[in-house]
Amino acid sequence: MTQRFGGYYTLYELLAVSVAKFLEDGELVHVGVAAGGKGAVMAVGVPMAAIGLAQLTHAPSLTMFMGHTFNPKIDEMPVALTETAIARWRCQARIEMWGANPGLINNPDHLDVTFSSGAQVDKYGNLNITAIGDYKKPEVRLIGCLAQPDQLANAHRSIILQEHQKRVFVDKVDFITSVGYYDGPEGRKKLGLRTDKMIRVFTDLAVLGFDESTKLMRLESIHPGVTVEQVLENTGFELIVPEKVPETSSPTTEELDLLRRRIDPRRALLEPSERIASY
Amino acid sequence: MGKVMDLREAVKLIKSGDCISFIGGVLRNKSLAAAREIIRQGIRDLHLQSFTSDLEADMLIGAGSVRKVESVYTGLMGYGLAPNFRRAVESGQVEPIDLPESAFVAKFRARGMGIPFGVTASLSGTDVAKSLAEAKEITCPFTGKKLIALPAANPDVAIIHAHRADVAGNLQFDEIRPMEYFEYVLAAKKVIATVEEIVQVDYTFAHYDRTIVPGVFVGAVVKTPWGTHPEALEGRYNSDHAHLKMYVEYARDSKRFEEYLDTYVYATKTHMDYLNLVGLPALLDLQSEGGI
Numbered sequence: 003m004t005q006r007f008g009g010y011y012t013l014y015e016l017l018a019v020s021v022a023k024f025l026e027d028g029e030l031v032h033v034g035v036a037a038g039g040k041g042a043v044m045a046v047g048v049p050m051a052a053i054g055l056a057q058l059t060h061a062p063s064l065t066m067f068m069g070h071t072f073n074p075k076i077d078e079m080p081v082a083l084t085e086t087a088i089a090r091w092r093c094q095a096r097i098e099m100w101g102a103n104p105g106l107i108n109n110p111d112h113l114d115v116t117f118s119s120g121a122q123v124d125k126y127g128n129l130n131i132t133a134i135g136d137y138k139k140p141e142v143r144l145i146g147c148l149a150q151p152d153q154l155a156n157a158h159r160s161i162i163l164q165e166h167q168k169r170v171f172v173d174k175v176d177f178i179t180s181v182g183y184y185d186g187p188e189g190r191k192k193l194g195l196r197t198d199k200m201i202r203v204f205t206d207l208a209v210l211g212f213d214e215s216t217k218l219m220r221l222e223s224i225h226p227g228v229t230v231e232q233v234l235e236n237t238g239f240e241l242i243v244p245e246k247v248p249e250t251s252s253p254t255t256e257e258l259d260l261l262r263r264r265i266d267p268r269r270a271l272l273e274p275s276e277r278i279a280s281y
Numbered sequence: 052m053g054k055v056m057d058l059r060e061a062v063k064l065i066k067s068g069d070c071i072s073f074i075g076g077v078l079r080n081k082s083l084a085a086a087r088e089i090i091r092q093g094i095r096d097l098h099l100q101s102f103t104s105d106l107e108a109d110m111l112i113g114a115g116s117v118r119k120v121e122s123v124y125t126g127l128m129g130y131g132l133a134p135n136f137r138r139a140v141e142s143g144q145v146e147p148i149d150l151p152e153s154a155f156v157a158k159f160r161a162r163g164m165g166i167p168f169g170v171t172a173s174l175s176g177t178d179v180a181k182s183l184a185e186a187k188e189i190t191c192p193f194t195g196k197k198l199i200a201l202p203a204a205n206p207d208v209a210i211i212h213a214h215r216a217d218v219a220g221n222l223q224f225d226e227i228r229p230m231e232y233f234e235y236v237l238a239a240k241k242v243i244a245t246v247e248e249i250v251q252v253d254y255t256f257a258h259y260d261r262t263i264v265p266g267v268f269v270g271a272v273v274k275t276p277w278g279t280h281p282e283a284l285e286g287r288y289n290s291d292h293a294h295l296k297m298y299v300e301y302a303r304d305s306k307r308f309e310e311y312l313d314t315y316v317y318a319t320k321t322h323m324d325y326l327n328l329v330g331l332p333a334l335l336d337l338q339s340e341g342g343i
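Chains A and B, in that order, give the protein sequences.
To convert a position in the first sequence, counted from 1, into the numbering used here, add 2.
To convert a position in the second sequence, counted from 1, into the numbering used here, add 51.
Keep in mind that a hint or two might mislead.
In silico lysine-lysine, DSS-like type, Cα no more than 30 angstroms apart, as pairs [unchecked claim]:
{"no.": "1", "chain 1": "B", "residue 1": "K274", "chain 2": "B", "residue 2": "K54"}
{"no.": "2", "chain 1": "B", "residue 1": "K296", "chain 2": "A", "residue 2": "K138"}
{"no.": "3", "chain 1": "B", "residue 1": "K196", "chain 2": "A", "residue 2": "K192"}
{"no.": "4", "chain 1": "A", "residue 1": "K138", "chain 2": "B", "residue 2": "K181"}
{"no.": "5", "chain 1": "A", "residue 1": "K139", "chain 2": "B", "residue 2": "K187"}
{"no.": "6", "chain 1": "A", "residue 1": "K191", "chain 2": "B", "residue 2": "K197"}
{"no.": "7", "chain 1": "A", "residue 1": "K174", "chain 2": "B", "residue 2": "K187"}
{"no.": "8", "chain 1": "A", "residue 1": "K191", "chain 2": "B", "residue 2": "K181"}
{"no.": "9", "chain 1": "B", "residue 1": "K181", "chain 2": "B", "residue 2": "K197"}
Covered stretches of chain B (chain A as the covering partner; in silico rule of three or more C-beta atoms under 8 angstroms from a C-beta of chain A) [what the hints assert, rightly or not]:
{"no.": "10", "segment": "124 to 133"}
{"no.": "11", "segment": "136 to 143"}
{"no.": "12", "segment": "168 to 178"}
{"no.": "13", "segment": "281 to 287"}
Over the 12 angstroms line for every Cβ pair with chain A, so calculated as not near, a few chain B residues [claimed, not checked]:
{"no.": "14", "residue": "M56"}
{"no.": "15", "residue": "C70"}
{"no.": "16", "residue": "R95"}
{"no.": "17", "residue": "D207"}
Hints are computed from structural coordinates only; laboratory data are not their basis.
Since the model is a prediction, treat every value here as computed from it, not as a measurement.
We put the CB at the ideal spot given by N, CA and C, even for glycine.
Looking at chain A on its own, in the form it has when it is part of the complex:
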């Protein structure tokens, strides 16, 4: 998966560059922590690389926080994100934990962007990380909630980074852990949730958004070498496909240079590591 596109750039580099364009100057962005492997690249590596790239290009005053740590040196991210390693990580500020987490994650006045993923994502962008099947007698009991309901409820924009699989992209999630657009254009309004919400989904095949009038998931662009059919085959509901589907912009040589030399010189962010870590 990492060596597609003829070895010229990797999927994760493509995603980092695409996500970076979705971040704006002056914003406050939250990144969570995750264990090793491919999941950690999608949950931590791609977001961190995208933030680093945005800061070096169009968004110099973008601020990120992870746990209680603000604007750490992205090129010095520890391989294992233990509490001690995070405590030693050079950064601009480290605040009291509850002030940041769950404090800021629940503060719509300050929180601009969060990153999430789910075991299921539905056509309205609702997420499930709690249980597959019936909640009381689940087929697969999953991890719970984390701060995901808080993030989806309160952030202005939520970025969902996800492997594109049919069992993940479902018509209706079995359990709504977190509300995206709920059941359509009036969904968030009737629930009393912020209505200026924007959600973007970035997968290994495509970039997806939501239709303005129906709030149903829509194909925004397909990655180089991917076909629309491939996306549809891996989506478990009827995706809105515009007449002309653009290709996701390939990274420029300048962007790749920044990613490889300045942001991720140790390849700690954009290459899956077998190292197991937790916070």
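With the hints as your guide, set chain B onto chain A.
Frame of chain A, contents of chain B only:
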């Protein structure tokens, strides 16, 4: 009125049916020594109310000690879903109580501030809200906004593992300063602290900046070196990767998990027996450079 006691005596403060809170991170800083002693004493029907639940919860569930698990996360991070927890919830043997971080912290902060309930604004429309028997929708008297209220947390006992305690119960961590641990302590009726070492109060006066919990809130202090094994203790030792991998292998099958419990819990009568079983070379191996 000495606070220093042995593990058996301290764990006797926990009764079957209690709500207990393990303080720590995911696969870090949790008092597994206390969890093993709870199993040895046959304490049952526990309601676990820990911010995150991982190895301690999975082990207690596998031993049949748990009725409810209330958490924002239950799992073993890089080692996958928690096998005993998964099996117990899927079979209906254990009841999960799922809360987002906002709601969990609101419940504890409410207790700490003497307020009867906590509030979250982020559960509107979720099945999480519907699944919570205790949740009540309330209307903000100022803005009219709909909110979810939950009763304040009420753990009977909190269990914390620290780097160090003095004989007065002041709890210290070196380097990291997890002040949220204090907030969890504050919500509990009784607090058991297992620690790597016990010192005189004079030490605390000289190094007060390392104290995160004042001794007044701590009821029992137990010397249990390597007390979080096989989890890590931040700033002291790593998690035991080989042991955790083995644990998951055993926990995937309930019959085989009995073997794990027989070997590492029931056959060891004390924490020192357990450390002898794991062995000094294996323990020293976990103290790598930087102690993480």
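Now for the hints, and whether the structure bears them out:
1. K274/B to K54/B: 11 angstroms, holds
2. K296/B to K138/A: 29 angstroms, holds
3. K196/B to K192/A: 11 angstroms, holds
4. K138/A to K181/B: Holds - the C-alpha atoms of K181/B and K138/A are around 12 angstroms apart, at most 30 angstroms.
5. K139/A to K187/B: 24 angstroms, holds
6. K191/A to K197/B: Status holds; Cα separation ~12 angstroms.
7. K174/A to K187/B: 26 angstroms, holds
8. K191/A to K181/B: 19 angstroms, holds
9. K181/B to K197/B: 14 angstroms, holds
10. 124 to 133: Since three or more residues must qualify, the claim that chain A covers the segment 124 to 133 of chain B holds, with 7 doing so at under 8 angstroms.
11. 136 to 143: holds (count 5)
12. 168 to 178: n = 8 at 8 angstroms, threshold three: holds.
13. 281 to 287: The restraint on the segment 281 to 287 of chain B holds, since 3 of its residues have a Cβ under 8 angstroms from chain A and three suffice.
14. M56: 28 angstroms, holds
15. C70: 18 angstroms, holds
16. R95: 21 angstroms, holds
17. D207: 22 angstroms, holds
The structure agrees with every numbered hint stated previously.
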